[in-house]
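**Student:** The chain contents come next:
2 protein chains.
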Amino acid sequence: MKFDVFGIENPLIDLLAKVPDEFLVRNELKKNHMLLVDESRHRFLLESLDGVEVRLEAGGSCANTLLGISQLGGRTAYCGKVGGDEHGRTYISSLEAAGVKSYISSNGSVTGSTVILVTPDAARTMNTFLGACQELTPEDVPLEELKSSHIMYITGYLWDTEGQKEAATLALRTAGAEGVHVVMSLADPFCVVRHKEDFRDILDRYVDFVFANQEEALTLTDTDNTHEAMKVLRQWCSGAAITMGANGAYVTQGDEHIYLDPYPVNAVDTTGAGDAFAAGFMYGRISGASLFQCGRQGSYFASRVIQQVGPRLSGDIRRELAEVLDDQRP
Amino acid sequence: MKFDVFGIENPLIDLLAKVPDEFLVRNELKKNHMLLVDESRHRFLLESLDGVEVRLEAGGSCANTLLGISQLGGRTAYCGKVGGDEHGRTYISSLEAAGVKSYISSNGSVTGSTVILVTPDAARTMNTFLGACQELTPEDVPLEELKSSHIMYITGYLWDTEGQKEAATLALRTAGAEGVHVVMSLADPFCVVRHKEDFRDILDRYVDFVFANQEEALTLTDTDNTHEAMKVLRQWCSGAAITMGANGAYVTQGDEHIYLDPYPVNAVDTTGAGDAFAAGFMYGRISGASLFQCGRQGSYFASRVIQQVGPRLSGDIRRELAEVLDDQRP
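Protein chains in written order, with our numbering: chain R, 1 to 330; chain A, 1001 to 1330.
Hints should not be assumed to be uniformly reliable.
[As the list claims (entries may be wrong)] Chain R side only, calculated, beta carbon under 8 angstroms to chain A, not exhaustive: (1) Gln134; (2) Thr137; (3) Glu139; (4) Thr226; (5) Gly248; (6) Tyr250; (7) His257; (8) Leu260; (9) Tyr263; (10) Val265; (11) Phe292; (12) Gln293.
[Unchecked claim] Here are the computed distance ranges between Cβ atoms for each label pair: (13) A:Lys1018 to R:Pro264: 28 to 34 angstroms; (14) A:Arg1234 to R:Asp222: 29 to 35 angstroms; (15) R:Asp121 to A:Asn1027: 41 to 47 angstroms; (16) A:Lys1031 to R:Ser314: 51 to 57 angstroms; (17) R:Asp38 to A:Val1265: 41 to 47 angstroms; (18) R:Val193 to A:Asn1027: 56 to 62 angstroms; (19) A:Phe1190 to R:Gly99: 49 to 55 angstroms; (20) A:Glu1178 to R:Gly254: 57 to 63 angstroms; (21) R:Lys30 to A:Arg1234: 40 to 46 angstroms; (22) R:Asp38 to A:Pro1264: 33 to 39 angstroms; (23) R:Asp201 to A:Gln1307: 39 to 45 angstroms; (24) A:Pro1264 to R:Val193: 45 to 51 angstroms.
[To be verified] Here's a subset of chain A near chain R, in silico, CB distances under 10 angstroms, partners left out: (25) Phe1023; (26) Asn1027; (27) Asn1225; (28) Glu1228; (29) Asn1247; (30) Ser1314.
These aren't lab readings, by the way, just hints derived from the structure by calculation. Model, not experiment: these values are computed from the prediction. Virtual Cβ for every residue (Gly too), placed ideally from N, Cα, C.
Assemble the whole structure, with the sequences as input and the hints as a guide.
**Tutor:** Okay, here's the thing in structure tokens:
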């Protein structure tokens, strides 16, 4: 086994800017939404931010998760596509510096990036230009590395373009044939709306374990309650986690059904809560923890990340986790 | 089968008064607590309320639940003890008017009552003088009626005096021998602290299904998380419900494990939320509903009762329930 978790998704550079609410209004942006935009709109938004400080970070949901797993001691690898520009080089080096093995290919396009507008209420309104991401093709997936991984991890964001879909489908088929455990995050509620039928089919055919927040789960399963959503998810997958923000989380696998208490915290910025949950949970999985411990680790990391600004944790989180879980052992 | 639910507990008259916070401070009362007081302290508190309007209502946790079940169409009976005074007669007639068959005995003592001090923040601070309640004895329990009931329902409040304990234990043994389904509510967290060992023993020996709020469940099982608490409760009982306020509820029975979403409401007064949950849930049980529907009915009633002042619902709640559940069917 070469890697504990092999992830495929969109390498995106985050471009963060603090703006007043009025900026959203002026640009007809819906607060808290993630919008896919084309290059000219993306450039227009950046130009509108003239004079505003723009912070640059390597982002992307799947990469956030892999980074967390890597920080905890897991062996991770990441596949995606960037352009042959400075953003692309920055992305790859930041991943590798964090211990995530890069299988990122590059081409002559522009590296994808997300303009993240942070309003004074800490809400994040995102405008993503996928750029090179959408040019990922089946040839970009290193199948031998994938085959020698314990878990393959993908997110729903891959279904936004045809090339990515093909690459993801090849990876899913390969993982299935080779007994690689397939874990999927539904990504975001709008992504679920865009690809509802595809996601249902994929979960049913390929996915062993699915992460969803409550809104994603309800949307995908066409119900108004979590219990029904879980029942439907479990008709497709052998396990599922539905995260419910301040209400905790509900995870099930085989015959085990576990309600997870939330950690009581003051949320500062909920970006990356789902990514952090997935990181803590999957690290538990690869280190042989019980479903309950996996869930607690996920909940703990989610609680940590929402107490700071930005989706990635710093510091010795491995040690911190060990202490916290030890403290709380009944 | 004569009754769907046969309840035993403390018939208490509620004496409600609106007071400023300063009243609690002056009388050294801890907000939101239920305190057992003796007759002289009780009289002192009532005298201190001179000039304040005091509203009188028939109360008691178990009676609240039976009333709810009766309103929904269930056949209920109630056993307890009152004094030979006006309060006692009022209590019995109010129960019977609500369709609950009274097996309340009376003696020469004073009927128990609770001074409920409602501060401007809607908190309720309770001072209960048990009075005649505590003189309930095994002879007061109508065993033939109990035997021909589907469910026997008790609350933890019965463990505060020896006579009540004996009466409850006789009832539990009789129910067990006759195959009557035994359901218990842990009553309140302080009650659990007072009788932790007794409750563990009773749950293990006699109780089929237990209702607890989160604090009660954690206290009883000496843990800091809901999942562990549920695991321990299920070592004792074949089913359990842990209500978690705004976080929803978690109910399990046999192999079924269900997380219940909360109904999104603005809480006005949380008094009686647990009683209402038990009413909705048990009515579901006696009408043959699934565990999920039982839980939803319980959650719905709890959400209704916290949107009003006081623990009892009025209006055609049976029809309301049918409409609500019908609306929400996926």
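**Student:** If a hint holds in the structure, say so; if it doesn't, say that too.
**Tutor:** Tested hints:
1. Gln134: Since chain A brings no Cβ nearer than about 35 angstroms to Gln134 of chain R, farther than 8 angstroms, the hint is violated.
2. Thr137: violated (39 angstroms)
3. Glu139: Nearest chain A Cβ about 43 angstroms off; hint violated.
4. Thr226: Hint on Thr226 of chain R: holds, closest Cβ of chain A at ~5 angstroms, below 8 angstroms.
5. Gly248: holds (6 angstroms)
6. Tyr250: It holds, given that the least Cβ distance between Tyr250 of chain R and chain A is near 4 angstroms, below 8 angstroms.
7. His257: Check passed: Cβ of His257 of chain R comes within 3 angstroms of chain A, closer than 8 angstroms.
8. Leu260: holds (7 angstroms)
9. Tyr263: Hint violated; Tyr263 of chain R Cβ to chain A Cβ min 10 angstroms, cut 8 angstroms.
10. Val265: Because about 14 angstroms separates Val265 of chain R from the closest Cβ in chain A, which is outside the 8 angstroms limit, the hint is violated.
11. Phe292: Where the cut-off is 8 angstroms and the nearest Cβ of chain A is about 6 angstroms from Phe292 of chain R, the hint holds.
12. Gln293: violated (11 angstroms)
13. A:Lys1018 to R:Pro264: 28 to 34 angstroms: holds (31 angstroms)
14. A:Arg1234 to R:Asp222: 29 to 35 angstroms: Given about 31 angstroms between the Cβ atoms, the range holds.
15. R:Asp121 to A:Asn1027: 41 to 47 angstroms: holds (42 angstroms)
16. A:Lys1031 to R:Ser314: 51 to 57 angstroms: violated (41 angstroms)
17. R:Asp38 to A:Val1265: 41 to 47 angstroms: The hinted range 41 to 47 angstroms holds for Asp38 of chain R and Val1265 of chain A, with Cβ atoms some 43 angstroms apart.
18. R:Val193 to A:Asn1027: 56 to 62 angstroms: Holds, since Val193 of chain R and Asn1027 of chain A (Cβ atoms, about 57 angstroms apart) stay within the stated range.
19. A:Phe1190 to R:Gly99: 49 to 55 angstroms: Holds, at about 51 angstroms.
20. A:Glu1178 to R:Gly254: 57 to 63 angstroms: violated (38 angstroms)
21. R:Lys30 to A:Arg1234: 40 to 46 angstroms: Holds - the Cβ-Cβ distance for Lys30 of chain R and Arg1234 of chain A, about 45 angstroms, lies within 40 to 46 angstroms.
22. R:Asp38 to A:Pro1264: 33 to 39 angstroms: Between Asp38 of chain R and Pro1264 of chain A, where Cβ atoms are some 37 angstroms apart, the hint holds.
23. R:Asp201 to A:Gln1307: 39 to 45 angstroms: holds (42 angstroms)
24. A:Pro1264 to R:Val193: 45 to 51 angstroms: Hint violated: Cβ distance 22 angstroms, outside 45 to 51 angstroms.
25. Phe1023: Since the shortest Cβ distance to chain R is 31 angstroms, the answer is violated.
26. Asn1027: Status violated, d = 31 angstroms.
27. Asn1225: holds (5 angstroms)
28. Glu1228: holds (5 angstroms)
29. Asn1247: Result: holds, 5 angstroms to nearest chain R Cβ.
30. Ser1314: For Ser1314 of chain A, the interface hint is violated, since the closest Cβ of chain R sits about 27 angstroms away, which is over 10 angstroms.
Of the numbered hints listed earlier, those contradicted by the structure are 1, 2, 3, 9, 10, 12, 16, 20, 24, 25, 26, 30.
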